[in-house]
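Q: Okay, here's what each chain looks like letter by letter:
There are 2 protein chains.
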Amino acid sequence: MIRTALLAFASSFAGYSACGKGGTWIWYPGDYALWRGNDLQARRIEHGGGYPVFWATYAPHPLVDFVKQVELDAPETVDIAWEGTCRIMGWGAKDPLPGVVSNRYVFPAGKYTVVARVYSQGRPPALYMSGPHLKTDSSWTADWRTVVSGTSGEPAPPAETRTRLDAPGRRPSEMRLSTAPRAAAKVETIRGNHIFADFGEETFGFLKLKGVKGKGRIRIVYGESEPEAMCEDFDGPDQWEYVEAGLEEELRLKVSRGFRYAHVIPDSGVSVDSVAMDAELCPLRRRGSFRCSDELLNRIWDVSAHTMELTTRELFIEGVKRDRWTWSGDARQSYLMSYYLFGGSDIAKDTLFYQRGGDPLVMHINQIMDYTFYWFMSVWEYYMHTGDRLFLEQIVARMASLMDFAIGRLDANGRPRDRPGDWMFIDWAPQPLRNHGGVTSFEQMLFVESLTAMADVLDELGRDGAAAYRKRAEVLRSEIVPLFWNREKGGLMHLLRDDGKLDGQLTRYPNMFGLEWGYFDAEQRQSVLKNVILNEHVMGIQTPYMRFYELDALCGLGMHTNVLDAVRSYWGGMLAEGATSFWELYNPKEKGLEKYAMYKRPFGKSLCHAWGAGPVYLLGRHILGVTPTKPGFAEYEVRPNAAGLSWIEGTVPTPHGEIRVSCRDGVLSVKGDGHGTGILVLPGNIRRRIPNKGSLTIRDM
Amino acid sequence: MIRTALLAFASSFAGYSACGKGGTWIWYPGDYALWRGNDLQARRIEHGGGYPVFWATYAPHPLVDFVKQVELDAPETVDIAWEGTCRIMGWGAKDPLPGVVSNRYVFPAGKYTVVARVYSQGRPPALYMSGPHLKTDSSWTADWRTVVSGTSGEPAPPAETRTRLDAPGRRPSEMRLSTAPRAAAKVETIRGNHIFADFGEETFGFLKLKGVKGKGRIRIVYGESEPEAMCEDFDGPDQWEYVEAGLEEELRLKVSRGFRYAHVIPDSGVSVDSVAMDAELCPLRRRGSFRCSDELLNRIWDVSAHTMELTTRELFIEGVKRDRWTWSGDARQSYLMSYYLFGGSDIAKDTLFYQRGGDPLVMHINQIMDYTFYWFMSVWEYYMHTGDRLFLEQIVARMASLMDFAIGRLDANGRPRDRPGDWMFIDWAPQPLRNHGGVTSFEQMLFVESLTAMADVLDELGRDGAAAYRKRAEVLRSEIVPLFWNREKGGLMHLLRDDGKLDGQLTRYPNMFGLEWGYFDAEQRQSVLKNVILNEHVMGIQTPYMRFYELDALCGLGMHTNVLDAVRSYWGGMLAEGATSFWELYNPKEKGLEKYAMYKRPFGKSLCHAWGAGPVYLLGRHILGVTPTKPGFAEYEVRPNAAGLSWIEGTVPTPHGEIRVSCRDGVLSVKGDGHGTGILVLPGNIRRRIPNKGSLTIRDM
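Protein sequence lines correspond, in order, to chains B and X.
Per my numbering, the very first residue in the first sequence carries number 2; after that it's consecutive.
Per my numbering, the very first residue in the second sequence carries number 2; after that it's consecutive.
Excised from the complex, chain B in its bound form (with noise of 0.2 Å):
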């Protein structure tokens, strides 16, 4: 298992900040992580084909113009570095500043305002400056709409930049991940010059074909499960590509694939001595850690996190054989989750702005309505879980477009519905779900969360306009238990059709979601409980993506118990069927072949699937009981729940060091993370302040 990670390129959480000694790169914020994420989703294949997405794709902006306003008592030999062409100006200088003939550029003394117009195609536009007082960091503005134009209101975002990015050597455009070689588990030689190999469980590199002689092609087929690397047919399995044998005895795959078994199948007249692989490791750090007296839960949060660890790439992607996209509903809960294990990380931050794109807008997120919703969401609990102010200020002009647009698209009642083109995907159902022709409880609920971040981040940055969609927020969610409710059956219906009348399917999806956000009195949420929830004549959920808010829905209700019990069987079910990362979907009555196939395809599920990987999260969450009360962690709070297990301990990271709890043979430690207001909250609401040094114990638990 690949536990640490060479950080080839800046995630430590210090990056947020401006910089410290010299200078950094610097970037229209996004830019990067639109350019990179876009590669990285096209590295897609099916069927031995190259694979796009299929959502309106964004390249980041050619132009951009840097500026600062300096005031020099002396002139400064500055050091610049800049991809492209880049001119440097002084508006409001006395004398006109000399064009770029070099890396040492000489600012002379005064106070006027540097503008550096940097020009690059192909990789996005960026500038490093670093001297004794003018130096490149977060507090130059980064624009491209040019300073000469002054059309827009909106002002200039901060530039984006990362710590580590602090020499002119340091390109971002030059960012990779960190490869280690590593070895396969099993090499053998199989129906005559095939090599298959194993490496022990599911990983994600280059592959390498060694002792590669003879001309010709030769065959990789990846697979997640042996049968689907064994599988030579050319539309089974989902990730196979040819190599031309020629010069090289050593053949290093030129992209890199999630898979667990490797099957190398030369023409005739070429052969193949071993293989290997270049393991591409995730950027992160795992800061948070889970262990308890059930190793089977031990297991899950070890498989849990390994799963995290291999979606971690560039961005947070969803599977690592199928798409290797990032889908915004599945980041939501890759951020959940990374928070409890990695800590609140530059890939979060990437991810967001990979998910919002550029303009103009043509489409939802992905495509997909509640897509679009999740991405609010997921931006407000960013900045819970890091603070970071300067990301808000970075996005928010983003986000307000984003919020126009879906505005743009409610009906005349004010309600989300779908437009053509739209797709609402909620949930991979068992059962189709009725989303058309009407509203859906579902997304209502979705989009008062979102008008609700909205809100939340234009107050935290003292901008007008949040009292609009807080209104629209307040309308819309007092109208939602009404309009969906039934009595007979005893929960929220899903759709309420065009006329008027609602559709007679019940489903666990925005019973779910009233319970986690409050939608019900004490009366509706036992009927909720009762008649959704645990009652198995209700379409159950299948997906660890939906089963993940219904567990998180129920340990808001105190049913931790329950919860664990479910983990068990679920995720403790995958364990059984040998997995060594959590899946796209999961049914125990699935046996032999035809737990590998979806989509109508015979190994088209996904083995290694990031909203498998709740665990993380649920335990962290829910289990050692910690949360962030206000943003950054400036308060939070510790409500350890052992759920019957005799003991557990671990770490949740925090934007300043990391909170321990751990409960064993009645004593309850819990160590703050030394900076914010920690409050350890016992059963019966009793509210204890944990202390800056030491740790807060409390015995006889």
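The set of hints was computed from the structure by calculation and includes no laboratory data.
Note that the structure is a prediction, hence the values are computed from the model and not measured.
Warning: the hint list may mix true and false statements.
Treat identical chains as interchangeable: a pair holds within one or across any two.
Claimed, not checked - Quick list of in silico lysine-lysine cross-link-like pairs, DSSO-like style, CA-CA up to 30 Å:
1. Lys601 / Lys95
2. Lys187 / Lys592
3. Lys590 / Lys472
4. Lys112 / Lys601
5. Lys69 / Lys601
6. Lys502 / Lys490
7. Lys255 / Lys211
8. Lys531 / Lys590
With chain B fixed as given, assemble chain X onto it according to the hints.
A: What follows is chain X alone, placed relative to chain B:
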């Protein structure tokens, strides 16, 4: 003089329509113009430093869906090539199509929609297919809003293509201008180890240093004039750069530059034997010609044509030394000139695409309000000269959105006025133009023309919406003379101030355009002629840019003889100063080094400026007298006017051939283009049909 050019990329007029036998590469309309245009603009250097443009710059779209309905009787094997990553789907096909596995692809029989989704970052997405029936051409659509979205009512535009890009290896991203070796007219060693070369006339290309020895830097100073190249100040000459002497004996500069003189200054320890260049050739072929009994006018036509050829690169640029940029107002004149020299061309189309850029719009084209308006006019004029209806279909949505932008910036009376950040250029005038704090008559007139062009395009395509634009144009047009006419001064005033009073400035600009566009009654026309145009006390025009419009307007009044005199004097004046290409600005009073200075810089003036080439247009349009009266020369008029010359002869290109006019020894002969309906218009408005075969000859003229 470089007369002919190898056509390294497609420029023949036939290129507008779909391909012939095989397929051609296709892409989203305008993406390659943007991509090449962005890099073209970035080649400017000034005082040794890079100098990017200052307007909002747009990238091509990284992901495009190419779509075509097919009906194949039998499976068809097709050659395929693409940039980046491609996936092919058959929407409505019986079975899913196979993933792309090679450059040969078998499409199944049946009736379905082929969707080829291409992703490429760095180079725009492009696609090539060539099969017996299925092939890529402009009958495909291209859209960055993927076909699943269905979110916009605007239909996908036809794909863009070039006839010559008709093989998998002829990729649009690899189009380059052709080059040809060229020796200097004179090379000398000066100041010890410097080499000084004179190429005999203004030229364009890659300088080559021969016999480079030693290791160190070599400074290259380019000059359009000898004093510029001789000047070694860092802030003196506009274009200079360093190259590193190293291993190679021959060094070819990486970027092509416009210059006549090159001054090579090696570091001590470095020596250079000689210099030459690879001239980068104009991609278009001369098809227009003009000769007459006045050798001065012939020379003026030749130097104008040379100026046009030098400023015709991947796009029309405004000057070869500075800015090397594409300015929409300058470009309008380049288009008009080009129609009389090259005929309609892909360069004109690409320049129009580049100028429009992408979305969202945040400023006027080139940041200049007038330049937005010239663009609308240029689209219509391009169509008149080419009949390229496909281009209208490709650009119409972008016209409409730019018009929305312009309308969004009108004042409360529906009149264009500058907003913060806008630039009203109008002209480089010897005295400041009072443009701010009110509305200018000049901009109102340009906007009327823009609205008319917008309406004409919609009507031509049979689309809705023209009436509203036409109504707006009529209302505004009817207001202009009443608002701006000053009875005392006998002409249109420049500025109507916000306090409702006319500013005291009387300028030629609105009066010229008012004459051109028929704003005046007979009495007003006489007044404008006497009190403005022929009034030496009204500020004169010094740029060839506005002289173009002034002389055009005078020809409209039948003052051809005065116009030829003005051409002899003004352009002849530049020739007398030694010009080998025409200048950005000419003032006969400037002597010695003064004539090279501009923008407070000693060599700031561009000596090869597209707008200097006006005579190519004036002589073809008004002396040969050829003009289209229906789109694409479906109908055209020939109104020759020898204007006192004892003989004239020449050709004007049309999409179908050349129209030839000669008038010599009292015999007027006109040969049509063999296609359109040509009318010869003789003095007294006598109209004669030009035959489609043979010539129409009129004796005793």
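Q: All hints are to be evaluated individually against the structure, with a verdict given for each.
A: Checked hints:
In this homomeric assembly, lysine 601 and lysine 95 come within 30 Å of each other (Cα to Cα) only across copies, at 15 Å, whereas the closest approach inside a single copy is 70 Å. In the homo-oligomer, the alpha carbons of lysine 187 and lysine 592 lie at most 30 Å apart inside one protomer (26 Å), although the nearest pairing across protomers, at 86 Å, exceeds that limit. With identical chains, the CA atoms of lysine 590 and lysine 472 are never at most 30 Å apart, being 47 Å at best within one copy and 70 Å at best between copies. In this homomeric assembly, lysine 112 and lysine 601 come within 30 Å of each other (Cα to Cα) only across copies, at 24 Å, whereas the closest approach inside a single copy is 67 Å.
Taking CA atoms no more than 30 Å apart as the test, lysine 69 paired with lysine 601 passes between copies only; the shortest distance there is 27 Å, against 56 Å inside one copy. With identical chains, the CA atoms of lysine 502 and lysine 490 are at most 30 Å apart within one copy only, with a shortest distance of 15 Å there and 75 Å across copies. In this homomeric assembly, lysine 255 and lysine 211 come within 30 Å of each other (Cα to Cα) only inside a single copy, at 15 Å, whereas the closest approach across copies is 41 Å. Taking the shortest alpha-carbon separations for lysine 531 and lysine 590, only the intra-copy value of 25 Å comes in at or below 30 Å, while the best inter-copy value is 97 Å.
Going through the hint list in order, the structure does not satisfy hint 3, though it satisfies all others.
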